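Q: Here are the chains, one letter per residue:
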Amino acid sequence: QSNVTIYGIVDIGFTHYSGSEWLDNRSGIDSGLQSGSRIGFRGVEDLGNGLKASFVLEESIGVDLGTGGNYTRQAFLALSGGFGTVAAGRQYTPQFLLLGKVDPFETGTVGDINYGRGVYLNGAFAAPDTIRLNNLLAYISPSFGGFNVIAGYTRNGLGDEELTVDGADSGDAKIWAINPNYSNGPLFVGLNYHQVKIDAGDYKDKVWDLGAAYDFGPVRLSAVYGQLKTDSAVTDFKTKQWLIGASVPVGTAGKVLASYARNTIDADGAPEAKARKWALGYTHDLSKRTNLYAAYAKINTNDEADGLFSVYKGSLTTGVDYAKGLNVGIRHKF
Amino acid sequence: QSNVTIYGIVDIGFTHYSGSEWLDNRSGIDSGLQSGSRIGFRGVEDLGNGLKASFVLEESIGVDLGTGGNYTRQAFLALSGGFGTVAAGRQYTPQFLLLGKVDPFETGTVGDINYGRGVYLNGAFAAPDTIRLNNLLAYISPSFGGFNVIAGYTRNGLGDEELTVDGADSGDAKIWAINPNYSNGPLFVGLNYHQVKIDAGDYKDKVWDLGAAYDFGPVRLSAVYGQLKTDSAVTDFKTKQWLIGASVPVGTAGKVLASYARNTIDADGAPEAKARKWALGYTHDLSKRTNLYAAYAKINTNDEADGLFSVYKGSLTTGVDYAKGLNVGIRHKF
Amino acid sequence: QSNVTIYGIVDIGFTHYSGSEWLDNRSGIDSGLQSGSRIGFRGVEDLGNGLKASFVLEESIGVDLGTGGNYTRQAFLALSGGFGTVAAGRQYTPQFLLLGKVDPFETGTVGDINYGRGVYLNGAFAAPDTIRLNNLLAYISPSFGGFNVIAGYTRNGLGDEELTVDGADSGDAKIWAINPNYSNGPLFVGLNYHQVKIDAGDYKDKVWDLGAAYDFGPVRLSAVYGQLKTDSAVTDFKTKQWLIGASVPVGTAGKVLASYARNTIDADGAPEAKARKWALGYTHDLSKRTNLYAAYAKINTNDEADGLFSVYKGSLTTGVDYAKGLNVGIRHKF
Numbered sequence: 001q002s003n004v005t006i007y008g009i010v011d012i013g014f015t016h017y018s019g020s021e022w023l024d025n026r027s028g029i030d031s032g033l034q035s036g037s038r039i040g041f042r043g044v045e046d047l048g049n050g051l052k053a054s055f056v057l058e059e060s061i062g063v064d065l066g067t068g069g070n071y072t073r074q075a076f077l078a079l080s081g082g083f084g085t086v087a088a089g090r091q092y093t094p095q096f097l098l099l100g101k102v103d104p105f106e107t108g109t110v111g112d113i114n115y116g117r118g119v120y121l122n123g124a125f126a127a128p129d130t131i132r133l134n135n136l137l138a139y140i141s142p143s144f145g146g147f148n149v150i151a152g153y154t155r156n157g158l159g160d161e162e163l164t165v166d167g168a169d170s171g172d173a174k175i176w177a178i179n180p181n182y183s184n185g186p187l188f189v190g191l192n193y194h195q196v197k198i199d200a201g202d203y204k205d206k207v208w209d210l211g212a213a214y215d216f217g218p219v220r221l222s223a224v225y226g227q228l229k230t231d232s233a234v235t236d237f238k239t240k241q242w243l244i245g246a247s248v249p250v251g252t253a254g255k256v257l258a259s260y261a262r263n264t265i266d267a268d269g270a271p272e273a274k275a276r277k278w279a280l281g282y283t284h285d286l287s288k289r290t291n292l293y294a295a296y297a298k299i300n301t302n303d304e305a306d307g308l309f310s311v312y313k314g315s316l317t318t319g320v321d322y323a324k325g326l327n328v329g330i331r332h333k334f
Numbered sequence: 001q002s003n004v005t006i007y008g009i010v011d012i013g014f015t016h017y018s019g020s021e022w023l024d025n026r027s028g029i030d031s032g033l034q035s036g037s038r039i040g041f042r043g044v045e046d047l048g049n050g051l052k053a054s055f056v057l058e059e060s061i062g063v064d065l066g067t068g069g070n071y072t073r074q075a076f077l078a079l080s081g082g083f084g085t086v087a088a089g090r091q092y093t094p095q096f097l098l099l100g101k102v103d104p105f106e107t108g109t110v111g112d113i114n115y116g117r118g119v120y121l122n123g124a125f126a127a128p129d130t131i132r133l134n135n136l137l138a139y140i141s142p143s144f145g146g147f148n149v150i151a152g153y154t155r156n157g158l159g160d161e162e163l164t165v166d167g168a169d170s171g172d173a174k175i176w177a178i179n180p181n182y183s184n185g186p187l188f189v190g191l192n193y194h195q196v197k198i199d200a201g202d203y204k205d206k207v208w209d210l211g212a213a214y215d216f217g218p219v220r221l222s223a224v225y226g227q228l229k230t231d232s233a234v235t236d237f238k239t240k241q242w243l244i245g246a247s248v249p250v251g252t253a254g255k256v257l258a259s260y261a262r263n264t265i266d267a268d269g270a271p272e273a274k275a276r277k278w279a280l281g282y283t284h285d286l287s288k289r290t291n292l293y294a295a296y297a298k299i300n301t302n303d304e305a306d307g308l309f310s311v312y313k314g315s316l317t318t319g320v321d322y323a324k325g326l327n328v329g330i331r332h333k334f
Numbered sequence: 001q002s003n004v005t006i007y008g009i010v011d012i013g014f015t016h017y018s019g020s021e022w023l024d025n026r027s028g029i030d031s032g033l034q035s036g037s038r039i040g041f042r043g044v045e046d047l048g049n050g051l052k053a054s055f056v057l058e059e060s061i062g063v064d065l066g067t068g069g070n071y072t073r074q075a076f077l078a079l080s081g082g083f084g085t086v087a088a089g090r091q092y093t094p095q096f097l098l099l100g101k102v103d104p105f106e107t108g109t110v111g112d113i114n115y116g117r118g119v120y121l122n123g124a125f126a127a128p129d130t131i132r133l134n135n136l137l138a139y140i141s142p143s144f145g146g147f148n149v150i151a152g153y154t155r156n157g158l159g160d161e162e163l164t165v166d167g168a169d170s171g172d173a174k175i176w177a178i179n180p181n182y183s184n185g186p187l188f189v190g191l192n193y194h195q196v197k198i199d200a201g202d203y204k205d206k207v208w209d210l211g212a213a214y215d216f217g218p219v220r221l222s223a224v225y226g227q228l229k230t231d232s233a234v235t236d237f238k239t240k241q242w243l244i245g246a247s248v249p250v251g252t253a254g255k256v257l258a259s260y261a262r263n264t265i266d267a268d269g270a271p272e273a274k275a276r277k278w279a280l281g282y283t284h285d286l287s288k289r290t291n292l293y294a295a296y297a298k299i300n301t302n303d304e305a306d307g308l309f310s311v312y313k314g315s316l317t318t319g320v321d322y323a324k325g326l327n328v329g330i331r332h333k334f
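Protein chains in written order, with our numbering: chain A, 1 to 334; chain B, 1 to 334; chain C, 1 to 334.
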C-alpha cells in the first residue's frame, strides 16, 4: 500500500542491576534497552499548495514477553506547510526532544539521561510523564538560518478529558512548553521551558533546561543544565541538575559514549539530597540498520538521597534504587 | 506483501460539550470524531471458479491518547461468489449499515444519528451493541437490478460462547437481522428488522427501521423511521424515532449537513418521555483523502426525558446528559 | 516498505463440545481452530560476511470477537550465519516444535496433540506454558547431513524478570531444553528433553519425548512417546503418554488425519489415572493459501481421571472436561 510506510525497531539484550539497599540483584533479558522496541505506521499526503498531511501511529512492543497493543509511543496527525508543522495527538515533549540531542546515549540504555530521572530532569517528582503527553497540540516552526522553535500545549497531558461533576477539580495536567533551538554545522544550542498545572492539589511545576553540543570531529562534547521548581498543597521543592557528555567515534563503525551528571534536591525544611551518576558505553554498527551496544552506569548519593535515585528504567517512587546497571544487546531497525 | 493492503483513518479534533444538569462542561482534543481512527489490514484471494476468499482485520486507535490493541472494529473472513458473500466474525449490524446510508452525517460527529442513541434507534435501552456483533454469520446477496439483502445471525452477539454450568441461562444475546435494500440512481430505500433474545432475564427486543434517501443534485434528502419494542422480566417499553436529513454540496469541495430528529419512549406506567435533536455540520475536502469538518448538535427533552439523552459519544446509562456539543477537526484517510 | 513482510492467518469455524459431567454443551463460532488467527511482521537484513539479522513480531487475533493487541505468539530478534541461528525473545518451546512434526493434526483443531494437554505432554500439571516461553535464548544449529539441534534457555519463562526483595524466592521458571532432530527423505526422528525449575515451592519438572514419522507416500505414519516427572513441595507425580498418527492424502487437495493416544498419571499414593483419545479429521485445499477443515475427537477416562482431561482448547485446571469435540471451519493464509 503506497500510502503507508511500516517501520520499527527490535531491540533486545541482557541486563544486570545491582547495588540496591534492599532489592535482590536483577539479571535477565529485556526489550528496548537502547531504543524502545516498536512497530510504526506512517504516511504523508501532498495536499497541493505546499501543504502536506501526515500521520504517525507507533506501537510499543516488548520483544522479551511479546507485549504490545498500545500506541502510546506516538499517535498524531500533522499539517505541514510554509508556516511549519501543526500536530495534534500523543507526542514527545519538547524537553525530551532537547535531551535526546545533548545526551551522548540519545536517551537509551542505563546511560540514558532520563534513567534515574531523579538525577536529572523533572521525572522523579512531577506527576506528568516527561517523555510524552496526551492531547498535545504542537507547533514546529520552519528553520530560519538554523533557528527553530517547538511549542506545545495540552489541557489533559496525563489522561483523557474526563467527565467531572460540576465544580470538581480536575486531576489532569495543563502543560505548556516552548523549546527554541539553534543548529549551525557542528554547533547545537537548545532551551526548554515548560509549566505544569494540576488543579487538584494545587500542583505547579516550572522547569527550564539549557543544552548545547559541539562536534569537534574526533569528539562531540555536550552539556545540559536544568532546574525544576514544584509547588503544591503537600510540599515544595527545587531540583537542579547538570550533565556533561562525550561521544567519540572509533573506526568507521564504533562509538564510545560517556557522561557525568550531578543532581541536588532541596525540599522544604529537609537537608539537601545529592547524587552523581556516570555512564560509559559503546555502540558498534553491524550495518546501517543493526548495531551492538554495551553500557554501564553507576549512581552515588549522599545519605539524604538514599533510595531516591536508580539506574533502573522504571518509577523511582516505588523505592527502586539500583546503584549500578549493565546493558549489553542488539538493536535492529526496519 | 502483495497479499495485504494496509488502510486506515486518523481523525482528531476539538470538542466542546455543555448543557448538562450536573456535569462540568467538557472541552478537549478527541480522536475519531467524524470517523473512528483505525488501522486495518485486508486481503483478497482468487480461489478460481468465481470464488474469492477475503478478510478484514481492523484495529481501533485513539490518536489523542495512543490507545489501541483491539480489533473490535471489524474482524472477519468471507467467501464470495455468484451466490453473494458469506462472512463470519465480528461485523457491523445490518441496522448500522442502513443508518449510515440515510444519516447525512454518515454516523459521524455529534450530528451522528447514533449519538444520543436514546434519541434514535435502540442503543440506549437494549443491552447488545447496535453497531457491531461478535460471532456473527452474515450473508450479503448480489444485487438484482438494484435490490439486495443483508442478513445476519449470531448466538453470542456480546461476548464469547461461555462455558455454562448445566442448565444455567446464558446472558448472551441471540440476534437475527434482515435488511433488504433498493438502490436505483438517485434513490435509496432500505428496511431493517432484527430480534434480540437473551435467556437470562427473559429479555427480548423487536426492532424495525425504514429509511430512504433521494439525491436531487443540489440537495440529497433522507429520512428514517424506526420502532423498538423491549420485553423483559424487569420492564417493558417501546420507543419510536424518526429523522430527516439533508446534505447540500457547496462548491466542489464543501458540503453542508443538517438533520432533525424526534424520539419518544413509552415505558410501562410512566408518562411519555420525549426528545428532539437537531444537528448542523460542514465538511470541506482538502483532497480526496483529507478533509476538515465542523458539527454542532443540540438536544431538547421534556421533563420525563431528563438525563436520558446526550449528544456525547458514550453510554447514556451513566447519566451523561450533555444537551449541546461541538466538534471541529480533521480526518485523514490512508 | 521493503524491509517488512506482513503475513498472517485468519481461521474461523463452528465448534461443538459435549460430554461434560457438569457443563452444558457448548456450540458456537470460534477463531483459530486449525491455526491460531494472527497477523505478523517479519524482516531479514543481510549484514554481509554470511551474517543475517532477522525479526518476527506476531500478534494474536480473535476473529470471532475482534480481540488482539498482544504479540505473545512470537516476538524475537535473531542472528544467523554459518554457526546456525541465535535468537532472543518470546519463542516456541523445542517440545512444541517437535510435537508439531509428529502430530498428524499439526497441533491444530480438537485433534491437536496439545488439546487436552493432560492426555499428552506436560501442560496440565506443570505451571509453565509448554508452547512458548518468555525471555528465551534459543540456538538452532545448521543441518549436518539431516541432523540438527535446537536448544533453549530462559531464567524467566513465565513473566518478566521481577524485582524481588533481597532473599525472596522467585516464582518464575528457569527452563532449559534440548531437541536433536534427524530428517532424511521420508524419515523424521526427534528427541526433546527439558527441565523446569521454580525456586518458590521447590518445583521441578523433568520431561522427555521421543517422536518419529515416516512418509510411505500413500500414508505418513508417526508416533511419539513421552514422560513427565514433577517434584514439588506439595506433590510428586509422573505421567506417561504416547500417540500414533496417520495422514493420508486423498486426491490432489484432500488429506485424512487420524490419531490415537494414551495417557497415565501416577500421583503419590493415588490410584493410576488413565485416559485415551482418538481423533479423526479431514482438510481440503481450496487453494495454496485457503483450506476447509473438519475434525472430531473423543476422550475416554477411567474413574480416577474424571474431570482431568478435555478436548476443549483451554485450561484443564478449571474443571473443563468435554469428552467430545467437533470443529468445522475455514483457514486463510496471507
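Source of the hints: derived by calculation from the structure; they are not laboratory data. As the structure is a computational prediction, the values presented were derived from the model and not from experiment. Beta carbons: idealized from backbone N, C-alpha and C, even for Gly. Watch out, some of these pointers could steer you wrong.
[Claimed, not checked] Not the full set, but computed from the structure, chain A residues with beta-carbon under 8 Å of chain B: (1) L97; (2) L137; (3) A200.
[To be verified] Simulated crosslink set (DMTMM-like; lysine to aspartate or glutamate; CA at most 25 Å straight-line): (4) B:K324 / A:D24; (5) B:K288 / A:E21; (6) B:K324 / A:D160; (7) C:K174 / A:D24; (8) A:K298 / C:D160.
Q: Any of the earlier hints contradicted here, and which numbers?
A: Hint check: 1, 3, 4 and 5 fail, others pass.
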